[in-house]
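Student: Given only the sequences and the hints, what does the whole structure look like? Please build it.
Protein chains in written order, with numbering that gives the first Met the number 0: chain S, 0 to 307; chain H, 0 to 126; chain L, 0 to 621.
It is possible that some hints are incorrect.
Said to hold, decoys possible - Taking lysine-lysine pairs in the DSS-like style, the calculated list, with each CA pair at most 25 Å apart, reads:
id, chain 1, residue 1, chain 2, residue 2
1, S, 153, S, 179
2, L, 528, L, 567
3, L, 296, S, 182
4, L, 296, S, 179
5, L, 296, S, 153
6, S, 154, L, 244
7, L, 106, H, 29
8, L, 296, S, 104
9, L, 129, H, 10
10, L, 244, L, 261
11, L, 572, L, 594
12, L, 144, H, 14
13, H, 115, L, 386
14, L, 129, L, 389
15, H, 23, L, 129
16, L, 68, H, 12
17, L, 129, H, 14
18, S, 153, L, 310
19, S, 24, L, 478
20, L, 159, L, 315
21, L, 68, L, 34
22, L, 90, L, 76
23, S, 104, S, 153
24, L, 315, S, 154
25, H, 12, L, 38
26, H, 12, L, 261
27, L, 144, H, 10
28, H, 12, H, 23
29, L, 310, L, 182
These are calculated hints, taken from the structure and not from any lab test.
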Amino acid sequence: MAAEPKILIVDDELVVIKSAERVLKSEGYVVEGALGGREAILKIEQDSYDLVFTDLKMPEVDGITLIRWIKKSRPSTGIVIITGYPSQDTIKEALELGIIDYVPKPFTPAVLLDVTERAVEWTKGKKVEEEKMTEKFPPAMEAELERVISEYRKKPGSLIPVLQRAQEIVGYLPPMVQKKISKGLNIPIAEVHSVVSFYSFFTMNPRGDHNIRVCLGTACYVRGIEGVLGKIKETLKIDIGETTENRKFSIEGVRCLGACGLAPVMVIDEETYGAMTPRKAMEIISHYDPSVMSAAAAGAEMMDEKGE
Amino acid sequence: MARLTIDDLRKIKEKQSSDFSLRKGGYSAKVTVHMGTCGIAAGARDVMSALTEEVTKAGMDNIIVTTSGCAGLCAREPLATVEIINHPPVRYCDLNGEKMREIFKEHILGGNPVEKYALVRGCETTY
Amino acid sequence: MEKFRKNLVLCAGTGCVAGGSMKVRDALREEIKKKGLEKDINLSLAACSGSCSEGPVLSVYPDEVFYQKLTAEDIPKLVEEHFVNERLYEKLIMREPEEKSSIPAMKDIPFFRYQVLRVLRNKGLIDPEKIEEYIARDGYQAAAKALTEMTQEDIIKVVKDSGLRGRGGAGFPTGLKWEFASKVSSDVKYMLCNGDEGDPGAFMDRSVMEADPHSVIEGMIIGAKAIGAHNGYIYVRAEYPLAVKRLQMAIDMATEMGLLGKDILGTGFDFELEIYLGAGAFVCGEETALMRSIEGKRGMPRPRPPFPAQKGLWDKPSVLNNVETLAQIAPIILNGADWYRTLGTEKSAGTKVFALTGAVNNVGLVEVPMGIPLRTIIYDIGAGMRKGRKFKAVQLGGPSGGCIPEGLLDIPVTYEDIVATGAIIGSGGMVVMDDNTCMVGTAKFFLGFTADESCGKCVPCRVGTRILLDILTDITEGKGREEDMATLEDLGRDIIATSLCGLGQTAPNPVLTTLRYFRDEYESHIRHKWCKAGVCRDLTTFWIDEKLCKACGACLRACPSKAIVGEKKVPHKIIQELCVHCRTCYETCKFSSIKILPAGFEGDPYELLGSEAKGEAKGGNE
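Tutor: Below is the structure:
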């Protein structure tokens, strides 16, 4: 990234600005705040921002007015709305004006970062997002997805089960899949997205051929899962929630697998492995891909010699 | 299966209890491999397949081989319980396929519990 | 204690109970009373002695006489002969009281001796995939009784009288919850089961759902009748595939056999049950959040009132019970409230299941009568600390709970006594920690969890937990300030007072309890930059005590950064500049020769550690 993305937070409550600032700054974004639409317009006149996060309900100049103005005078600026209790109509209006995304208020740091990350991606040429939107799946996968959606179409509260099945089928929930579900179940895309980002079970990134789930529960913590996780991250060179470049492995951190008796525990695909040590974990992972062991290289050899 | 009435429920209970009572059912032994998430992760499947293999090899049809959920002592999984007619059940721990084969020969066929692998005998307390 | 002339011990092992132990007990009680011998004879139940094929077995002390294969019908004669005429009742005498075996009996092993199985009554006994085996163990008898012989009020009264309290955390009386919902009139009501089990370090519910799914279903049928619901959901974590599979099989079988669905057992009562897969959000353990989640929305709690008993799932009256609570219901209906109260204390009746994990020898799932001391659970059932290490704390109640120190281990496990320590019983996760665990780090671990899982709806929880976490992180990285401790306490109390739901209201507990009982660790981190457990990397110096080093080379080979030098017979040394504080050497050394000193320590280690040891000997427990 050339320069750090610059973000303006617009809200009539200082506490919202402060908390968003706190979260975003810690991730290296440049952040400024404006207390209301008027102040925002003045600021944007003076300076250019990559992204603007704005509340909808504000005294004097409200969010929709601000969005219209930005679209007119600074069309390359990305817009995300933050709002407490949106009516379907205002969201719809905002979507039609071309906002990128929607953060429900109050938001968790994770949601905010998640949305910000994708909004930044979008503003960086819009290309990445468009590719994803048009990404094609094998026809069988599409058909299965359609079948699931129509199966649940008439049932109340079916969004989560459908998302679960969709993730089983596709492996993850890219925007295109969310869009399909939104249309199929007649639920606004913003709501679909807000549910996807709320539950840790859902992922918007593709997973590797083998998904390594590392238990982050208390018993595993007490018995040293951190060392095991560290070794796996170091060897595969990815963090939690990421996938290796060759798409072989992904790492997922789970709250508790409920197999505390075997702590520390990791699960690869459907198989549970207990009483892990960094060395044992590497041995097991190398069963799935022998090249991993050589990547673990020197450190692992050294541990072999130790022989427990 | 037909829908049950309360009377059927009682009949199933009686029939099942006698099926599972070794004496009334004409069985000589019952082996339970404890297969909860912990047990399976610790290798209960290997224990189970070693056991079924031995039972088949020995051609015995008067042994009940069954599974159940977690036996509670996760630290000593895999666990299995062997009950020989007219003797208290014996629970074995830290098992693997090989140990199970040995237990099959010594305890189930020979009638002598394998003390070195045994954890405890008797039943758990329920009241 | 009163002195009795005779002590009778009746075996209450599963085998003997199945053979009629309880009927024998009732008959004995009645007969003893009839003969006016209550003052002379004490009757108690005990763990299995391993004579299962001869059961039910009764031991008479101090006579050392054992009777076998008892039935209720034998009892009048037996009492008459043995206790009135003082003659042996030859017909039922057991000649060889115990099998000669070197394998210990259940009563000889503390892990089994102190447990009483009610929720886990079928643990390890039945094949959870076969409904007939559940039925054989009195399964669905309670449902049949509730549907035919009992009114809604009858059921609620028994459950209320039993004193059963919700096992999911808060301990709200189950009968009351049912009563509220039963009194609201509505055409549609919901009976829900919470199998979300979000506490890290807990797996009671998983085990019950895996080992005995029908016990949960039966509890739900009875609850549904009590409140007048005809639809229900079991909300289960998607992370529990085996539990989901077995529950689904159980529901399918029960439906096929007419134990669920329309006209259950021909009684005219309908109850449809479905599984709903949770998608992983801790806050969904909170009942209003869980209901929102079933509706397909973000699982955020909403303020109460209205309570779910009035407006719950889809705004209809709903009752949500935890898995363990529901598994307690069937035996209560069959045996009555008085039976349930024979165990536990006045306010905390019955048994509780705990997931005992961490630094104890016997890690596992245990069910104990309420009121048992914590120490018994850890040192007898748990068989003490692993590798002979020193006990530091036991964590109860997960992220909403707290850490209890050694000095409080003799308190009984009841809702009230545990709350008084600052922890909670919670759903039953019990994680034991030894001196290798850093308490500041532990508080940080839990706050990291709650800050991440906070749904973000209310400010105190969303922002407050984040600030607590930041301060704790600073302390573990050596940036702690003296005033941090007061800030943690003040802010913690504010969060408790002002958060909207249980998650926020309990989130500061891990911080507050560690500050209360392990303040010295905070002080040591802040003032001396010293994490004595050697966990916080920035606050440790690993140092080899030459007097203890056997120069075996184990640490030298294990060190990933080659920071240790030395040869055979020459004590080893850590070159501090190369050390990455990974602890590998510390865990490798078999002679405890590697010691943990404060970060950047330059003084005399012997002097420092010497004064520490002295202080500890003097200070003793908290």
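Student: For every hint, state whether the structure bears it out.
Tutor: Status of the hints after comparison with the structure:
1. For the proposed pair residue 153(S) and residue 179(S), the alpha carbon gap of about 16 Å is at most 25 Å, so the pair holds.
2. In summary, the hint linking residue 528(L) to residue 567(L) is not supported, as the alpha carbons are separated by about 34 Å, beyond the 25 Å threshold.
3. Only pairs whose Cα atoms come within 25 Å are accepted, and residue 296(L) paired with residue 182(S) is accepted, the gap being roughly 17 Å.
4. Proximity of residue 296(L) to residue 179(S) is assessed by CA-CA distance (about 18 Å); at most 25 Å being required, the pair is judged to hold.
5. Proximity of residue 296(L) to residue 153(S) is assessed by CA-CA distance (about 16 Å); at most 25 Å being required, the pair is judged to hold.
6. Between residue 154(S) and residue 244(L) the CA atoms are separated by roughly 22 Å; this keeps the pair inside 25 Å, and the hint holds.
7. Our distance criterion of 25 Å between C-alpha atoms is met by residue 106(L) and residue 29(H), whose separation comes to about 22 Å.
8. This hinted pair checks out: residue 296(L) and residue 104(S) have alpha carbons roughly 15 Å apart, not beyond 25 Å.
9. The hinted pair formed by residue 129(L) and residue 10(H) meets the criterion: a straight-line CA distance of about 16 Å does not exceed 25 Å.
10. In summary, the hint linking residue 244(L) to residue 261(L) is supported, as the alpha carbons are separated by about 23 Å, within the 25 Å threshold.
11. Using a Cα cut-off of 25 Å, the hinted pair residue 572(L) and residue 594(L) holds, with the two alpha carbons roughly 12 Å apart.
12. Between residue 144(L) and residue 14(H) the alpha-carbon distance is near 20 Å, which keeps this suggested pair within the 25 Å criterion.
13. For the hint linking residue 115(H) to residue 386(L), the alpha-carbon distance of about 22 Å falls within 25 Å, and the restraint holds.
14. In summary, the hint linking residue 129(L) to residue 389(L) is not supported, as the alpha carbons are separated by about 45 Å, beyond the 25 Å threshold.
15. With a C-alpha separation of about 20 Å, the suggested pair residue 23(H) and residue 129(L) falls inside the 25 Å cut-off, and the hint holds.
16. Distance check on the hinted pair: residue 68(L) and residue 12(H) sit about 21 Å apart at the alpha-carbon level, within 25 Å; holds.
17. Under the criterion of a C-alpha separation no larger than 25 Å, the hint pairing residue 129(L) with residue 14(H) is consistent with the structure, at around 14 Å.
18. Of the pairs offered as hints, the one joining residue 153(S) and residue 310(L) holds, with about 23 Å between alpha carbons and a cut-off of 25 Å not exceeded.
19. Between the alpha carbons of residue 24(S) and residue 478(L) the distance comes to roughly 20 Å, so the proposed pair stays at or under 25 Å and holds.
20. Pair hint residue 159(L) plus residue 315(L) holds up; C-alpha atoms about 23 Å apart against a cutoff of 25 Å.
21. For a cut-off of 25 Å, the pair hint linking residue 68(L) to residue 34(L) stands: about 23 Å separates their Cα positions.
22. Restraint check for residue 90(L) and residue 76(L): the C-alpha separation of about 10 Å stays at or below 25 Å, so the hint holds.
23. Between the alpha carbons of residue 104(S) and residue 153(S) the distance comes to roughly 29 Å, so the proposed pair goes past 25 Å and is violated.
24. Distance restraint check for residue 315(L) and residue 154(S): the Cα-Cα separation of roughly 17 Å lies within the 25 Å cut-off, and the hinted pair is therefore satisfied.
25. With a C-alpha separation of about 39 Å, the suggested pair residue 12(H) and residue 38(L) falls outside the 25 Å cut-off, and the hint is violated.
26. This hinted pair checks out: residue 12(H) and residue 261(L) have alpha carbons roughly 23 Å apart, not beyond 25 Å.
27. The hinted pair formed by residue 144(L) and residue 10(H) meets the criterion: a straight-line CA distance of about 16 Å does not exceed 25 Å.
28. Using a Cα cut-off of 25 Å, the hinted pair residue 12(H) and residue 23(H) holds, with the two alpha carbons roughly 14 Å apart.
29. For the proposed pair residue 310(L) and residue 182(L), the alpha carbon gap of about 13 Å is at most 25 Å, so the pair holds.
Hint compliance for this structure: hints 2, 14, 23, 25 are broken, all remaining hints hold.
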